[in-house]
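2 protein chains.
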Amino acid sequence: MKTVTLAHGNGGAENQELISKVFYKAFKNDILTKSEDAAVIEDGNLAFTTDSFTVSPLFFNGADIGKLSICGTCNDLAMMGAKPKYLTCSVIIEEGFDFKSLEKIVNSMKKELEINGACVVSGDTKVVPKGSVDKIFINTTGIGEIQQKGISSNGITEDDVIIVSRDVGAHGATIFAAREGMQLSSNLKSDCASLYVQIKALIEAGVKITALRDATRGGVSAVLNEWANQSDVCIEVQESKIPVSDEVNGVCELLGFESLSLANEGTFVMALNKNEANKAIEVLKQFDNSKNATIIADVTKQYPKRVVLNSEWGTKRFLELPTGELLPRIC
Amino acid sequence: MKTVTLAHGNGGAENQELISKVFYKAFKNDILTKSEDAAVIEDGNLAFTTDSFTVSPLFFNGADIGKLSICGTCNDLAMMGAKPKYLTCSVIIEEGFDFKSLEKIVNSMKKELEINGACVVSGDTKVVPKGSVDKIFINTTGIGEIQQKGISSNGITEDDVIIVSRDVGAHGATIFAAREGMQLSSNLKSDCASLYVQIKALIEAGVKITALRDATRGGVSAVLNEWANQSDVCIEVQESKIPVSDEVNGVCELLGFESLSLANEGTFVMALNKNEANKAIEVLKQFDNSKNATIIADVTKQYPKRVVLNSEWGTKRFLELPTGELLPRIC
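Going down the list, the protein sequences come from chains A and B.
Quick note: the first sequence uses the UniProt record's numbering, first residue 1, plus one each step.
Quick note: the second sequence uses the UniProt record's numbering, first residue 1, plus one each step.
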């Protein structure tokens with residue numbers, strides 16, 4: 001009997017297979033088929049997106065499941081050029097979970113909602129017997145008001161370049177280190193952050209964005225592969241341009257992972273016309289969270305639907321969509 | 001250390017305490033404070049609501065978690081006089097869950113979406129290691145277009161009467177029987193059903209509705225107590241008028257529960273002006289699912305914020321908001 005494996009939740013190839021063969025197949029409609037970070041509804045005026053958070057441990061360097069649950073959904077709205085507005089919050093709590101931790105989590109949510117200028121308008125609370133859930137899972141679903149229309153993963157062309165907003169892989173590396181009880185430098189902390197403030201600044205500066213995505217499960221690799229596939233282009237990454245911290249590099253060596261495949265929770269990838277790139281980087285450099293924003297890739301027709309990684313020694317290899325179990329419960 | 005107990009998820013008194021002391025306190029805003037089945041947003045044009053489904057067993061007489069997950073959220077929209085339009089679907093699956101069951105669940109969702117004329121436009125799929133979740137939990141969050149404005153639990157007056165749409169307690173009794181492996185009459189099955197079709201007919205017939213609520217966790221008792229409290233009125237129920245099937249009565253005797261406190265998933269309670277009641281019942285009688293709709297209560301000023309149960313022998317007692325563990329994982 002075929003069963004669901006951890007790999008089916010990896011944000012990579014098997015995850016896409018599960019989604020397309022089971023969910024898209026049944027729910028098929030034009031909006032879903034676009035595979036954007038959020039659905040665009042109501043004549044292009046509103047964005048609508050959902051995420052469930054199962055991260056373990058609940059508290060980690062740089063954030064907790066509460067902050068993550070607001071950042072995750074608000075960022076998916078921001079990635080469609082939308083201002084986060086209304087959220088729902090649905091929690092499933094294991095019997096015996098302590099009130100203090102719950103209050104800490106909910107206060108993190110509150111703080112992050114304020115940063116986004118959004119509010120929770122509807123909720124649901126379930127408590128289940130011991131063993132039915134591991135401590136607490138949170139779903140947030142959000143509606144945002146689209147400020148710049150037309151942002152889409154389906155319209156990237158050779159006129160575009162690809163920018164990454166900061167050093168990659170910090171969230172994935174932090175969760176891994178926390179789980180393994182590794183004593184690493186305190187500089188290693190999750191990048192978890194709300195991104196609307198940066199997107200707002202880009203839009204207000206008149207930057208025309210082609211595509212935007214926060215590089216969560218599956219990391220930058222998953223985003224670039226999905227974009228290459230959806231827009232039928234080749235994305236050529238300059239390996240030496242990818243910002244990676246020493247701490248993340250260290251964890252990657254232990255894991256045997258690519259930093260580009262590690263999850264982020266406050267790092268985005270942006271495609272935009274070459275002529276807009278410098279203006280965008282100027283804007284992003286004003287923010288602490290994106291002061292190292294940089295161009296990492298060009299768009300070509302060389303190998304359509306593929307991502308190529310060019311090393312500084314002139315060699316080339318394909319960067320594949322991540323496969324395998326990666327890190328379950330990363331978000 | 002204070003911890004969360006199963007009673008905090010009962011849909012009754014402890015559940016309200018958890019919600020108000022933790023969630024409402026942190027997220028406080030005008031929309032949330034109204035405590036309606038769905039938030040009313042965008043100048044009263046849209047309704048927005050969320051629900052997570054953790055029911056056990058996943059398949060039971062009359063429905064499964066898939067059907068339940070669509071009915072639950074679409075019904076919360078319908079209870080605000082809204083036509084269900086866009087849904088998100090977020091699933092958390094335990095590693096090792098079989099594909100056949102998943103497909104069966106997703107197909108139930110598809111079928112029920114069609115009944116509502118709604119579609120899933122965004123989703124999320126997480127797979128977690130064995131023991132982190134019991135089989136599968138589903139969150140659905142929905143947006144509906146409000147067809148009749150002003151339906152609210154806060155505006156019930158002495159001019160209103162209370163209608164229940166069908167016999168009560170079928171869902172709760174069915175889940176209980178399934179868990180205990182009780183061999184009961186095959187007539188006992190969950191009432192799980194989409195209610196928008198009936199609400200649409202009421203609105204099209206020009207019935208002006210004061211308040212509407214599907215009587216899920218905590219049953220009709222919870223709805224009436226919340227309404228009495230929110231509208232500052234006394235609701236006087238005629239016990240003999242409450243429709244209850246023999247099968248549900250049988251289970252209630254075993255459980256020591258009131259049928260009025262058992263969960264329903266396709267049964268609603270409606271408050272409306274006395275003068276509108278006959279027209280409403282005429283409309284409801286056209287549907288198999290509400291052919292026994294009937295007036296069960298009057299609204300008075302006798303004991304404000306309380307619900308009174310009048311027996312057929314002339315005795316009176318208060319019907320309290322349900323307390324205690326009730327049945328965890330009922331929905």
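FYI, nobody ran anything at the bench for these hints, they're computed from the structure.
Here the structure is a predicted model, which is why all the values come from computation and not from measurement.
You may find that some hints are simply not true.
A pair counts as met if it fits within one copy or between any two copies, since identical chains are not told apart.
The calculated lysine-lysine pairs, modelled on BS3-like cross-linking and capped at a C-alpha distance of 25 Å, are [said to hold, decoys possible]:
| no. | residue 1 | residue 2 |
| --- | --- | --- |
| 1 | LYS316 | LYS110 |
| 2 | LYS83 | LYS301 |
| 3 | LYS85 | LYS34 |
| 4 | LYS21 | LYS100 |
| 5 | LYS28 | LYS104 |
| 6 | LYS149 | LYS111 |
Status of each hint after checking the structure:
Taking identical chains as interchangeable, the C-alpha atoms of LYS316 and LYS110 are never at most 25 Å apart, the minima being 46 Å within one chain and 45 Å between chains. In this assembly of identical chains, LYS83 and LYS301 lie within 25 Å of each other by CA distance neither inside one copy nor across copies; the values are 34 Å within and 46 Å between. Within a single copy, LYS85 and LYS34 get their C-alpha atoms as close as 22 Å, and across copies as close as 18 Å, so both meet the 25 Å cut-off. Taking the closest pair of Cα atoms, LYS21 and LYS100 come within 25 Å of each other only across two copies (12 Å); inside a single copy the shortest separation is 41 Å, beyond that limit.
Taking the shortest alpha-carbon separations for LYS28 and LYS104, only the inter-copy value of 16 Å comes in at or below 25 Å, while the best intra-copy value is 39 Å. For the homomeric pair LYS149 and LYS111, neither the shortest alpha-carbon distance inside one copy (28 Å) nor that between copies (33 Å) is at most 25 Å.
Going through the hint list in order, the structure does not satisfy hints 1, 2 and 6.
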